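A.B. asks: Sequence:
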Amino acid sequence: MTCLRRDCLRYAAFGTMCQKKRATHNFSLSRDDLLTVFAQGAAMPTLTPQRALGRHVRAFHDTLFQGGLALRRATQIAIPFDTGALGQAAPRALMLTLLSAVLVLAQAMSALARPDSFADLAQKISPAVVNITTSTVVATGTGPSPLVPEGSPFEDFFKEFRDRDGDGDRPRRSSALGSGFVISEDGYIVTNNHVIDSADEIIIEFYEGGEMVAEVIGTDPKTDIALLKVDAKEPLPFVAFGDSDTARVGDWVIAMGNPLGQGFSVSAGIVSARNRALSGTYDDYIQTDAAINRGNSGGPLFDMNGEVVGVNTAILSPNGGSIGIGFSMASNVVARVVSQLQEFGETRRGWLGVRIQDVTDDVAEAIGLEKAAGALVTDVPEGPAADSGMLAGDVITSFDGVEVADTRALVRQVGNTAVGKAVRVVVFRDGGTKTLKVTLGRREEAEGAVPAGQMNDGGAPEAPQPQELLGLTLSVLDDELRGQLDLNDDSSGLVVRDVDELSEAYEKGLRAGDLITEAGQQKLNSVADLQARIDDTREAGRKSLLLLVRRAGEPRFVALTLDDPKAE
1 MTCLRRDCLR YAAFGTMCQK KRATHNFSLS RDDLLTVFAQ GAAMPTLTPQ
51 RALGRHVRAF HDTLFQGGLA LRRATQIAIP FDTGALGQAA PRALMLTLLS
101 AVLVLAQAMS ALARPDSFAD LAQKISPAVV NITTSTVVAT GTGPSPLVPE
151 GSPFEDFFKE FRDRDGDGDR PRRSSALGSG FVISEDGYIV TNNHVIDSAD
201 EIIIEFYEGG EMVAEVIGTD PKTDIALLKV DAKEPLPFVA FGDSDTARVG
251 DWVIAMGNPL GQGFSVSAGI VSARNRALSG TYDDYIQTDA AINRGNSGGP
301 LFDMNGEVVG VNTAILSPNG GSIGIGFSMA SNVVARVVSQ LQEFGETRRG
351 WLGVRIQDVT DDVAEAIGLE KAAGALVTDV PEGPAADSGM LAGDVITSFD
401 GVEVADTRAL VRQVGNTAVG KAVRVVVFRD GGTKTLKVTL GRREEAEGAV
451 PAGQMNDGGA PEAPQPQELL GLTLSVLDDE LRGQLDLNDD SSGLVVRDVD
501 ELSEAYEKGL RAGDLITEAG QQKLNSVADL QARIDDTREA GRKSLLLLVR
551 RAGEPRFVAL TLDDPKAE
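The opening residue of the sequence shown carries number 1 in the working numbering; numbering runs sequentially from there.
Simulated from the structure, these hints should not be mistaken for laboratory data.
Just so it is clear, the structure is predicted and the values come from calculations on it, not from any experiment.
Accuracy of the hints is not assured; some may be wrong.
Stated by the list, open to error - Listed next, with one range per pair, are the computed distances between beta-carbon atoms:
| id | residue 1 | residue 2 | range |
| --- | --- | --- | --- |
| 1 | Arg248 | Lys124 | 15 to 25 Å |
| 2 | Ala552 | Ser117 | 50 to 60 Å |
| 3 | Arg511 | Asp479 | 18 to 28 Å |
| 4 | Thr435 | Gly280 | 22 to 32 Å |
| 5 | Ala532 | Glu370 | 20 to 30 Å |
| 6 | Ser135 | Glu370 | 56 to 66 Å |
| 7 | Gln123 | Thr246 | 23 to 33 Å |
| 8 | Ala532 | Asn319 | 57 to 67 Å |
| 9 | Arg429 | Ser135 | 48 to 58 Å |
Even for Gly, the Cβ is constructed at its ideal location relative to N, Cα and C.
Throw the hints in and build the complete structure from the sequences for me.
C.D. replies: Structure follows, in structure tokens:
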């Protein structure tokens, strides 16, 4: 290998750098190198190639600054350079290489910058977006009406007022508006369940004109998704689902739909937040500041590739209009639901068969868990988990090879797992871990099969020989209390008669009528049993005691601090 030839060697700064890097086929120019080359080139006006090189280096330097890229971040720019092969053409080759680098960086910077216009993207994806009009027959006499005593002089007046249109109690047809989008050329359409719920007729209006009647293929109220189908005579324009997991906070998005019945409309914004939960079990919403109003429900949220990353579902607003807080169900959730609705006409989610709650810091300390993570099992009714040997008090730390962060994560993991699949579940029990093998059932079949909790009368039961402990007034469960609380004959534990309002127990939600069945994951049959658990916990050096509390049949764990002033 040789260095640059004689004409380039006259360029002192560049020649020195090349000498240092002559042993390689490539060399790199740092920012300081480039600035040095530029300075030397400007001082040698008689050398045309070098002057050109200086100009290009300067242009390169200015482009970086003008593009908003700090040169201090760019440590080096690698440039392929075979000095032996290039010979006297080296300066020209270097200039071309620098120009190429400028073009690449300019393209990168333009991709990161705000788009000049969304027009091309909107034009491309608009034909797949639809307006949805639904109609429902409702009875007019079902609403509230003034309570007028029979025989009152106002009776005829209110009857005339109610019937002044001549309709009386005749049913009338009510209409509602929403949005949707086509996902296949043969006419499958996705929208929100609440848009078409209870509708007698569903009309689809297309962007390019024309209307069609749609039928409902299936719905999923848990994610508020519905799948419709129109009988398309010709292939329809459609859009595809993108990967919502790749959406980042700050990414550009476009919302499309039929806001307030105004027809096809486009609004742009960014992803404001990810993984939002509203009220549903399987919530995974993308929050966006793109304008979403009534009528946008069921419409798509697009990324800059024209792929659907969300289904516009709800807004947070004090006045019913957009204030820049909208929620779109993530496309990865929607795609799974739509696939099942398309194949089965219904959803088929995995079911573990446990009641669970989050692990708090005090609960983790009470059971000796290193960190507050996982899902604490509060009850194990008949089902897959019970068959595998899972127990109340277990903490599920891993499901099917995936670490469990909290109850929400576990519910979603289980729901996304195929029915009938055998999975390994790791639980924390008695200070160690245990692996169970569970064959999942189907949630839809199990719902309603587990007996609902029985309600108490809400009053404080009376029981003989009450005792106070941990800020609680407690009595042993007897037949009289079982009858008052409507409990099974085999129920056992301590009934809470009263709670000191200054105690930690009150702060954590314990109330009169609650039934404490376990303490320290051992059953209670007397107040003495509870005192023994307190003593054992203190001897073990722990500061909290874990109680299993049932209210109206629903179990939950509560950890009480033993050094609470009201605990004695």
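A.B. asks: Please go over all the hints and tell whether each is borne out by the structure.
C.D. replies: Here is what the structure says about each hint:
no., hint, in the structure
1, Arg248 with Lys124: 15 to 25 Å, "holds, 22 Å"
2, Ala552 with Ser117: 50 to 60 Å, "holds, 58 Å"
3, Arg511 with Asp479: 18 to 28 Å, "holds, 23 Å"
4, Thr435 with Gly280: 22 to 32 Å, "holds, 31 Å"
5, Ala532 with Glu370: 20 to 30 Å, "holds, 26 Å"
6, Ser135 with Glu370: 56 to 66 Å, "holds, 58 Å"
7, Gln123 with Thr246: 23 to 33 Å, "holds, 24 Å"
8, Ala532 with Asn319: 57 to 67 Å, "holds, 58 Å"
9, Arg429 with Ser135: 48 to 58 Å, "holds, 56 Å"
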